[in-house]
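Visitor: In the order they appear, the protein sequences are chains U and F. Counted the way the numbering used here counts, the first sequence spans residues 2 to 113. Counted the way the numbering used here counts, the second sequence spans residues 2 to 113.
Calculated from the structure, these hints are not laboratory results. As the structure is a prediction and not an experimental result, all values here were calculated from the model. Glycine included, every Cβ here is placed at the ideal spot set by N, Cα and C. Treat the hints with care, since some could be wrong.
A few chain F residues that don't get close to chain U, going by computed Cβ distances all over 10 Å [unchecked claim]:
no.: 1; residue: Q9
no.: 2; residue: E27
no.: 3; residue: D30
no.: 4; residue: Y38
no.: 5; residue: S43
no.: 6; residue: Q58
no.: 7; residue: N59
no.: 8; residue: S74
no.: 9; residue: N77
no.: 10; residue: Q84
no.: 11; residue: V86
no.: 12; residue: P113
Each pair of labels, with its calculated beta carbon distance range [claimed, not checked]:
no.: 13; chain 1: F; residue 1: D30; chain 2: U; residue 2: I61; range: 35 to 45 Å
no.: 14; chain 1: U; residue 1: E80; chain 2: F; residue 2: T79; range: 43 to 53 Å
no.: 15; chain 1: U; residue 1: E70; chain 2: F; residue 2: S13; range: 39 to 49 Å
no.: 16; chain 1: U; residue 1: T113; chain 2: F; residue 2: Y65; range: 18 to 28 Å
Just some of the chain F residues that point at chain U, by a computed CB distance under 10 Å [unchecked claim]:
no.: 17; residue: V5
no.: 18; residue: A8
no.: 19; residue: T28
no.: 20; residue: Y34
no.: 21; residue: E45
no.: 22; residue: V47
no.: 23; residue: N53
no.: 24; residue: M101
no.: 25; residue: F103
Residues per chain are reported as follows:
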Amino acid sequence: DVKVTQSSRYLVKRTGEKVFLECVQDMDHENMFWYRQDPGLGLRLIYFSYDVKMKEKGDIPEGYSVSREKKERFSLILESASTNQTSMYLCASRTGTAYEQYFGPGTRLTVT
Amino acid sequence: AQKVTQAQTEISVVEKEDVTLDCVYETRDTTYYLFWYKQPPSGELVFLIRRNSFDEQNEISGRYSWNFQKSTSSFNFTITASQVVDSAVYFCALRDNNDMRFGAGTRLTVKP
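If we strip away everything but chain F, and leave its shape as in the complex, we get (with noise of 0.2 Å):
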């Protein structure tokens, strides 16, 4: 079954924290790709980032980094450094053979 969990509801941080999103996923297919998207309080989801299954390297960008194990069946999601225009829902979200799949959020909150 295709499935992506993300246990963390709500976080709560002070501005320059780091934090880390969880995000864990299921699926029988061997070929997949992972996403995360920011919707901010205006309500557009953007896109932030891709991965192939069959790339584990870690990405950085800037104060975002992602870390991609398919041994956890994990993809998390770190801001460093946190600002309060990181204030948003965070999705993950996974496509294999079946399409798309979200999780149900996180929101985080950045206070100053």
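Pulled out of the complex, with its shape left as it was, chain U reads as follows (with noise of 0.2 Å):
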């Protein structure tokens, strides 16, 4: 089983701070993902990776940048959160070549 993992369920931070939010994959896939969720809003993709070092923006990037040291670790980073960072945000992988998209656990941000 394709199994994604995810830092934190749930974290706390203040505004301003730095926050790392980690997700990991097992199953060797060069596609990762990054997405928020918020109700009524469904998933809104903030930044994806096909391989390796590289990163392609989403929808929704402003405030947000990754990183992709290695094909199994995909980090997203909030550089100075603010509250309407709050939410929960979801990491997925797949194969270069299949369609499905594995997520993990979500990880709920609440900044205050």
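Join these two chains into a complex; the hints should help.
Guide: Next up, the structure:
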């Protein structure tokens, strides 16, 4: 079974802090994704990566950056957290040839 | 433009009732893929099904069935004889040349 893990299920940070959300997959998938989920808006793509050290902006990249130094790990960085970044963050991965994305359990981030 | 609409925000049924979750999509591409995901209270999105645009055959898997109609750009999901464990948020998604786009989700509550 594909396993996608995220470093924290719940996280509380203060405004202005730098926040790191980590995602690890164990199936050697090339593609990895970060989404945020908000009520009524579904999932919105923040960033994705097709390979190590490669990254592409999604629909809402502002205020975020990413890092992919190893194939299995994709990190989402909030350089200076703000209250409007309070949300559920979901990481996903898939192979280059298949189309299903496999999701981690999510990190519920609260910025106060 | 690529778009997925799930008009039903919330549905509540009593156990053993049948329920249909609607999904309408928009795309300019002739090749695309449609998905349904389930998000139980635990938070992790679980992949349910993928259909490609060239295969309009309906699919049944146990109590789940999917009705894909290109003429109306719809990909509806029916749960027969619903159970309490079916309570979750269900997402419809579209993947075309612009990658994945999710609907806003439908929250299904099945009451005993």
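Visitor: Which numbered hints turn out to be false for this structure?
Guide: 4, 5, 13, 16, 18, 19
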